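Enquirer: In case you want the letters, here they are:
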Amino acid sequence: MSQDFRLDSVGLINRDKKLSFKFNGKQYFGYEGDTLASALLANGVHLVGRSFKYHRPRGFFGAGVDEPYAIVQLYRNNETEPNIKATEQELFEGLEARSVNCWPSVNFDIGAINNFLKIFLPAGFYYKTFMWPKSFWYRIYEPFIRKAAGLGVASTKHDKERYEHKYEYCDLLIAGSGPSGLSSAYAAAKNGAKVILAEDKPRFGGSLLTDDVNIGNQSGKNWAEGIIAELKTMPNVVVKNRSQIFGYYDHNMLVMSEKVSDHLPKTKKYHPNKRLWYIRAKEVLISSGSIERPIVFGNNDTPGVMLSSAAKEYLKVYGVLVGKNPLIFTNNDSGYETAIEFQKHGVQPTVLDSRKNPESEIIDEAKSLGINIKNSYVVVAAQGYKKVKSADIASISDDKKQLGKIENIICDCICVSGFWTPSIHLASQSGNKTKFKEEIDAFVPGTSKQQETTLGAANGVFSLEETLKTSFEKGRELSKKITDNDNEVSIPNVVEKKSSKHDKFWCVPLPAGKNYKRFLDFQNDVAVSDIEIALREGYRSIEHVKRYTTLGMATDQGKTSNLNGLQLVSEIENKVVPAVGHTTFRPPYTPISIGAIVGREVGKNSKPTRKSPMHDWHEKNNAVFVDAGVWLRPRYYKRGNENLFEGSKREAKNVRTNVGVCDVTTLGKIDIKGPDSAELLNRVYTNAWLKLPVGKARYGVMLREDGIVMDDGTTTRISENHYHMTTTTAQAANVLSHLEYYLQLVWPELNVNVVSTTEQWAGAAIAGPKSRDVLQKLFPNLDVSNEGLPFMGYMEGNLFGVKARIFRISFSGELAYEVNVESDNGNFMWQKIMEVGEEFKIQPYGTEALSTLRIEMGHVAGSELDGRTIPYDNALDGLVSKKKDFIGKRSLQRAAFTAGDRQRVVGVVPLDKKTSIPEGSHLVKDANAPLPNPKLGHISASCWSVEYDNPFSLAILKDGKNMIGEKLFVMSPLKNKVIPVEVVSSHYVDPKGERVRS
Amino acid sequence: MLYIKCPHCGMRPQIEFSYGGDASVKRPELNKEISDQEWNDFVYNRKSLRGKHLELWQHISGCRQWIKVERDTATHEIFKTFKADEEVA
Ligand SMILES: [Zn+2]
Numbered sequence: 001m002s003q004d005f006r007l008d009s010v011g012l013i014n015r016d017k018k019l020s021f022k023f024n025g026k027q028y029f030g031y032e033g034d035t036l037a038s039a040l041l042a043n044g045v046h047l048v049g050r051s052f053k054y055h056r057p058r059g060f061f062g063a064g065v066d067e068p069y070a071i072v073q074l075y076r077n078n079e080t081e082p083n084i085k086a087t088e089q090e091l092f093e094g095l096e097a098r099s100v101n102c103w104p105s106v107n108f109d110i111g112a113i114n115n116f117l118k119i120f121l122p123a124g125f126y127y128k129t130f131m132w133p134k135s136f137w138y139r140i141y142e143p144f145i146r147k148a149a150g151l152g153v154a155s156t157k158h159d160k161e162r163y164e165h166k167y168e169y170c171d172l173l174i175a176g177s178g179p180s181g182l183s184s185a186y187a188a189a190k191n192g193a194k195v196i197l198a199e200d201k202p203r204f205g206g207s208l209l210t211d212d213v214n215i216g217n218q219s220g221k222n223w224a225e226g227i228i229a230e231l232k233t234m235p236n237v238v239v240k241n242r243s244q245i246f247g248y249y250d251h252n253m254l255v256m257s258e259k260v261s262d263h264l265p266k267t268k269k270y271h272p273n274k275r276l277w278y279i280r281a282k283e284v285l286i287s288s289g290s291i292e293r294p295i296v297f298g299n300n301d302t303p304g305v306m307l308s309s310a311a312k313e314y315l316k317v318y319g320v321l322v323g324k325n326p327l328i329f330t331n332n333d334s335g336y337e338t339a340i341e342f343q344k345h346g347v348q349p350t351v352l353d354s355r356k357n358p359e360s361e362i363i364d365e366a367k368s369l370g371i372n373i374k375n376s377y378v379v380v381a382a383q384g385y386k387k388v389k390s391a392d393i394a395s396i397s398d399d400k401k402q403l404g405k406i407e408n409i410i411c412d413c414i415c416v417s418g419f420w421t422p423s424i425h426l427a428s429q430s431g432n433k434t435k436f437k438e439e440i441d442a443f444v445p446g447t448s449k450q451q452e453t454t455l456g457a458a459n460g461v462f463s464l465e466e467t468l469k470t471s472f473e474k475g476r477e478l479s480k481k482i483t484d485n486d487n488e489v490s491i492p493n494v495v496e497k498k499s500s501k502h503d504k505f506w507c508v509p510l511p512a513g514k515n516y517k518r519f520l521d522f523q524n525d526v527a528v529s530d531i532e533i534a535l536r537e538g539y540r541s542i543e544h545v546k547r548y549t550t551l552g553m554a555t556d557q558g559k560t561s562n563l564n565g566l567q568l569v570s571e572i573e574n575k576v577v578p579a580v581g582h583t584t585f586r587p588p589y590t591p592i593s594i595g596a597i598v599g600r601e602v603g604k605n606s607k608p609t610r611k612s613p614m615h616d617w618h619e620k621n622n623a624v625f626v627d628a629g630v631w632l633r634p635r636y637y638k639r640g641n642e643n644l645f646e647g648s649k650r651e652a653k654n655v656r657t658n659v660g661v662c663d664v665t666t667l668g669k670i671d672i673k674g675p676d677s678a679e680l681l682n683r684v685y686t687n688a689w690l691k692l693p694v695g696k697a698r699y700g701v702m703l704r705e706d707g708i709v710m711d712d713g714t715t716t717r718i719s720e721n722h723y724h725m726t727t728t729t730a731q732a733a734n735v736l737s738h739l740e741y742y743l744q745l746v747w748p749e750l751n752v753n754v755v756s757t758t759e760q761w762a763g764a765a766i767a768g769p770k771s772r773d774v775l776q777k778l779f780p781n782l783d784v785s786n787e788g789l790p791f792m793g794y795m796e797g798n799l800f801g802v803k804a805r806i807f808r809i810s811f812s813g814e815l816a817y818e819v820n821v822e823s824d825n826g827n828f829m830w831q832k833i834m835e836v837g838e839e840f841k842i843q844p845y846g847t848e849a850l851s852t853l854r855i856e857m858g859h860v861a862g863s864e865l866d867g868r869t870i871p872y873d874n875a876l877d878g879l880v881s882k883k884k885d886f887i888g889k890r891s892l893q894r895a896a897f898t899a900g901d902r903q904r905v906v907g908v909v910p911l912d913k914k915t916s917i918p919e920g921s922h923l924v925k926d927a928n929a930p931l932p933n934p935k936l937g938h939i940s941a942s943c944w945s946v947e948y949d950n951p952f953s954l955a956i957l958k959d960g961k962n963m964i965g966e967k968l969f970v971m972s973p974l975k976n977k978v979i980p981v982e983v984v985s986s987h988y989v990d991p992k993g994e995r996v997r998s
Numbered sequence: 001m002l003y004i005k006c007p008h009c010g011m012r013p014q015i016e017f018s019y020g021g022d023a024s025v026k027r028p029e030l031n032k033e034i035s036d037q038e039w040n041d042f043v044y045n046r047k048s049l050r051g052k053h054l055e056l057w058q059h060i061s062g063c064r065q066w067i068k069v070e071r072d073t074a075t076h077e078i079f080k081t082f083k084a085d086e087e088v089a
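Note that the protein sequences, when read in sequence, are chains A and B.
Per the working numbering, the first sequence runs over residues 1 to 998.
Per the working numbering, the second sequence runs over residues 1 to 89.
Simulated from the structure, these hints should not be mistaken for lab results.
Remember, it's a predicted structure, so these values are computed and weren't measured experimentally.
For each residue, glycine too, the CB sits at the ideal point set by N, CA and C.
Certain hints may be false.
Derived lysine-lysine pairs resembling BS3-like cross-links, with alpha carbons at most 30 Å apart [stated by the list, open to error]:
#	chain 1	residue 1	chain 2	residue 2
1	A	K889	B	K80
2	A	K449	B	K80
3	A	K882	A	K914
4	A	K433	B	K47
5	B	K80	A	K433
6	A	K269	A	K160
7	B	K32	A	K449
8	A	K282	B	K83
9	A	K221	A	K269
Among chain B residues calculated to face chain A with C-beta under 10 Å, some are [claimed, not checked]:
#	residue
10	Y3
11	G20
12	P28
13	I34
14	W39
15	N40
16	Y44
17	I60
18	R64
19	W66
20	E70
21	H76
22	I78
23	A84
Chain A extracted, bound-state conformation (with noise of 0.2 Å):
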C-alpha cells in the first residue's frame, strides 16, 4: 500500500517499521517517527474535527504546540484521553483516535447547523441568549450546550496509569533546544554548570530540523545532533526530549511535563505515563522559539489552510506534502522557504506575495528555481467546504484596503505566513512586562522578573549568526558566575539567506459584497466580525474583550490568534498595539494531564497512613478500622455476623460490667522538660498547675487567644522538671506548634524544651470495674491499690522485664488505667494485657465504644470541642483559674462570652427511648413554627447508652444551663426525622464520678 502524499527518502522517518492505527475507525498506516497529524497527512486526511462554535469542518493548521484544529479523543491500552493533539501525538503501533466535536460523524455533523444559523452565534452569544427564563437553564440550555461543546470527553474509569512527581535543582535550565537552546546549554556545560536542556518535542533541534542554515560547515541539522550527542555524555547535563515547561512560578521554580510513556502503545511495567518535574534554577534560559502566525482572510479555516512553517516541517520532518498543488501566501520570505521546499521536491507551488517589489537572497533563489510569483497579491477567499478546492485570489493596493479583480485559481492547500510572534509565554509568566517590538510587530520580553533571559527567536532574534552568538556568550556568562569557570567555546560560522523586511499585513479586506468568515481564534470560533461586534458594544479593554468574545480562552490560548485580535482592536479603536497591550499569560502553556498534576497522591497514598504497634494484632482479631486523622484506629472488633452497633454495645457493656482494652497509641504525647515548664503549663492551661506534685496528673484545657478551647488533655509530672503531657489525636500536631509558638517567640525567657514523644510510646487504657485486678496481675510487685495509686496517680514499673508508665485516668468514666510502653514493646504489653485479662473477661474495644462511653459520661470531646465552644459551652467552666492569667483568658471577657443565656452542653434524650438521634440534627422548641424555624442548639454526638439502654445524646443548647428539663424537638431535614426529646444532664451516668475514684 502506497501513501499517496509521502515522499520516498525525505525526512526522518524510520521508514523500516511500518505502524497501523484508526482514525475514525477507519485503517491507515505510518511510520515510526510519524506524528497522528503527519501520519494522516501521508494518507491524504486533512478532515480531522469540527470546530467549537460553527461545527466547521476543521483540518491541520500547525505542525506541533501551536495546534488549533486537530483534537482528537485517543484510544490507548483500554483507557482515552481527551485533549490530544494530533500535531503532538506520536504514532504507535494499534493507536486509535477519533475526532471530537462532531456528531454523528464528522463527515456528516448536525451541529453544522449553527454555521448557517451564525446569525444566532455572534460575540456573547452565550451571555445573551441563555440567560432566560431561568427554568431553561438546566432543562434545555445546559444538557444542548454539553452535548454540542467540549473537546472531548473525559473517562469515568479509574487511571490506571501512574504518575511521578520530581524534584530537581540546577544552575541552568534552558526551555527549548533549538539553535539558542543548544549553544547557550553547550557554553554553560562547558562551564561545569548543572545544566538542564528541556525540548517539547520528541526530536531536539527545534528550528534547526528544517531550516536551510549551515552551521560550523555542515548542515544545522547535523550541527544540532553533534552538540546533542556531546551534552549526553557529559555527567553535569540532564538533556530531556518529550519535555514541556510550562509554568514559571516565583522563586524561579518552572514545571515541566515529561511525557514517558504516550509514544507507546502502553507504558512499560513500572514506568510512569508522566512525570512532573518541579525545578529550581539558578538561571533561566528561555529559547521557546516562535510561532508563525497566520494571515486572516475568507474562510481562513477551511481545510487545507495551513501555517507554511507547518507545510515545511510535515515535508522535512516526515516526507509528507501536505498538497500537490500549494498556494503559499506570505508577507515575508518564511513563505519563500517553504516554496523551495516544494520546488525541489517535484511540486510547483504559487507564491502570492503581500510586498510590492521585496527583493532578497531567498526570493532570488526562488525566482531561480522557476517558481511563479505574485507581488501585492493576496487571497481573499479559501473555496471548498471539507478541502480546499481553489483560492479566490485578488492584487491589492499599495495601501492595503483595495482588491483588484478577484480570480479564481486552482489549489489543494493554502499555506500561510503572516511573520513570526515570538513564544514570550514563560518570561510574561514570571512577572516580566512585555515590550512591543515595532520591527516585528509583536511583543517581547522587558526587563528580566526573576532570573531569567530569553534568547533567540523567543527574544524577537531571527538572524541565527546574532542567536548563536549571543547565546553561547549568554551560557558562559551565566554559568562563569555560577561556576566560577570561564571556559572558552568558540563560535561556529554559520551561513544562512539574508532575508527581506516583512510587510505590515495581516487581515485581507473582504471583497465588495461578500461576508466571508474571517477567523481570528480558530479553537474559539472567534472572527473578525465578533471582536468587531464586542468593540461596538462598548467593551474597550482588551481583557474584556477576550472575555466576551473568548478569543484566545481555548486550549491553545490564543497561540496563533492573539496578535491578530491585538492589531484588529488597535486598528478599530486607532490606537497602537502596545497601548492596547495583551492579556495575561498564565500557566500552563500548554494543557497538562490532571493525572500529572496529582502525581502519586491518589487512592491510600492520598495522605500517609500510621498504625499503632498493635495493629497486626488489631488487625488478626476482626478489627473494624476507621480513620482518624492520618491513623488507622480499630473502630469495633467484630465477632462473627455482628455489625457495628452490636459489637460496639457489647464492647462499651463489658467496660462498664468487667474490663476492657483500647488501643490510645494515637493520642499526641509532648515531652516537657526544663525548670520553668510548670509556669508554661500555668500559662497554657486554663486551670492551675503551679503546685502539682511528682508522681501526680491533672486534666487541663487549653484556649486559643480568642478564648475558644483548642484541646485537652491530661498532663503528668515524671519528676521535678519532667512532665509528659497528652493531646487529642487530632490536636497533636497544633498542639506542639502552639507550645513553640509561645517558648520561641513570646516568653523565650522561660526555659523549658518541648519535643513530640507520640510515636516514642505505645498505649493502652484498661477500664473497667475490674481494671485493678488486670493492673495487679501485670504488676504484681507494685501496690495498685486506690491508696498506693489513687485517681491522677502515676507510677513507674516493671510490666514482666519490661519498662512502663501507669497513669490512673479515665476517659470512660469508669475506673480505668492507661499503661504506655515504648513502642517496640508496644505488641508485648497488649497480649500480656489480653493474656492475664482472660480470667477478667477483658475484651479489647474500639473507637465506637469508646465514644459511646465517654458520651454518657458527659465527657466533651472533639465534637464538642469543633472551634466554636468556650470553656463554659463545654461546662468546663470550673476548670478557669480566677486567680492566674493565662492564654486566651481576656477574651473570655467579651459579651457573647459572658452572656446570661449563652450556649452549654447537655444531655438529650427521646421521649420514645427509641428512636436514635442523628448527629448534626438541630434543637428546636415547636416542630411546626413557620421556616425559618429558630435554632436553638444542635446534637453534636450520639450513642446508644449501654448503662440505660436507650439512646442518649449530647447537644450544645442555647441557655443550656435553665433548659435541664424542657421538652424540645430534634429536626433532622436530611433524615426526615422529627424527634421529641426531653432535655437532660449531660453527666448521665455517675454524675458524681464516683466509679473513676472507686
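Go by the hints and put chain B with the ligand onto chain A.
Expert: Showing chain B with the ligand alone in chain A's frame:
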C-alpha cells in the same frame, strides 16, 4: 512555590514551612490590665498590606524553629529572614 531561607537550615522550599501571620504583633504582657480595643487589636485586627511585610513562618518539617520573613506580599520577593530572637533591622 516560594524558596525560603531558614536562618538555621538554609534555603528550603515552602512546603517545609507553615505560615504564622504578622510578625509585628506583640502579645500583651500577662496579668496586665488592657482595654477591649487593645485586646481586639492583638487578637483580630490585622493590616492586609500590599508590599513589604514582616511575617512569621515555622520550619515545621525542618528545625521546627519559628522565624521571621520579610516578604513582599504582592511580588513574593523575600528580602531577608531572621531568627526568632534576631533584631529586625
Ligand atoms: Zn530550619
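Enquirer: If a hint holds in the structure, say so; if it does not, say that too.
Expert: Status of each hint after checking the structure:
{"no.": "1", "hint": "K889(A) - K80(B)", "verdict": "violated, 35 Å"}
{"no.": "2", "hint": "K449(A) - K80(B)", "verdict": "holds, 18 Å"}
{"no.": "3", "hint": "K882(A) - K914(A)", "verdict": "violated, 43 Å"}
{"no.": "4", "hint": "K433(A) - K47(B)", "verdict": "holds, 29 Å"}
{"no.": "5", "hint": "K80(B) - K433(A)", "verdict": "holds, 25 Å"}
{"no.": "6", "hint": "K269(A) - K160(A)", "verdict": "holds, 12 Å"}
{"no.": "7", "hint": "K32(B) - K449(A)", "verdict": "violated, 48 Å"}
{"no.": "8", "hint": "K282(A) - K83(B)", "verdict": "holds, 25 Å"}
{"no.": "9", "hint": "K221(A) - K269(A)", "verdict": "violated, 34 Å"}
{"no.": "10", "hint": "Y3", "verdict": "holds, 4 Å"}
{"no.": "11", "hint": "G20", "verdict": "holds, 7 Å"}
{"no.": "12", "hint": "P28", "verdict": "holds, 8 Å"}
{"no.": "13", "hint": "I34", "verdict": "holds, 7 Å"}
{"no.": "14", "hint": "W39", "verdict": "holds, 5 Å"}
{"no.": "15", "hint": "N40", "verdict": "holds, 9 Å"}
{"no.": "16", "hint": "Y44", "verdict": "holds, 8 Å"}
{"no.": "17", "hint": "I60", "verdict": "holds, 7 Å"}
{"no.": "18", "hint": "R64", "verdict": "holds, 6 Å"}
{"no.": "19", "hint": "W66", "verdict": "holds, 5 Å"}
{"no.": "20", "hint": "E70", "verdict": "violated, 14 Å"}
{"no.": "21", "hint": "H76", "verdict": "holds, 5 Å"}
{"no.": "22", "hint": "I78", "verdict": "holds, 8 Å"}
{"no.": "23", "hint": "A84", "verdict": "holds, 5 Å"}
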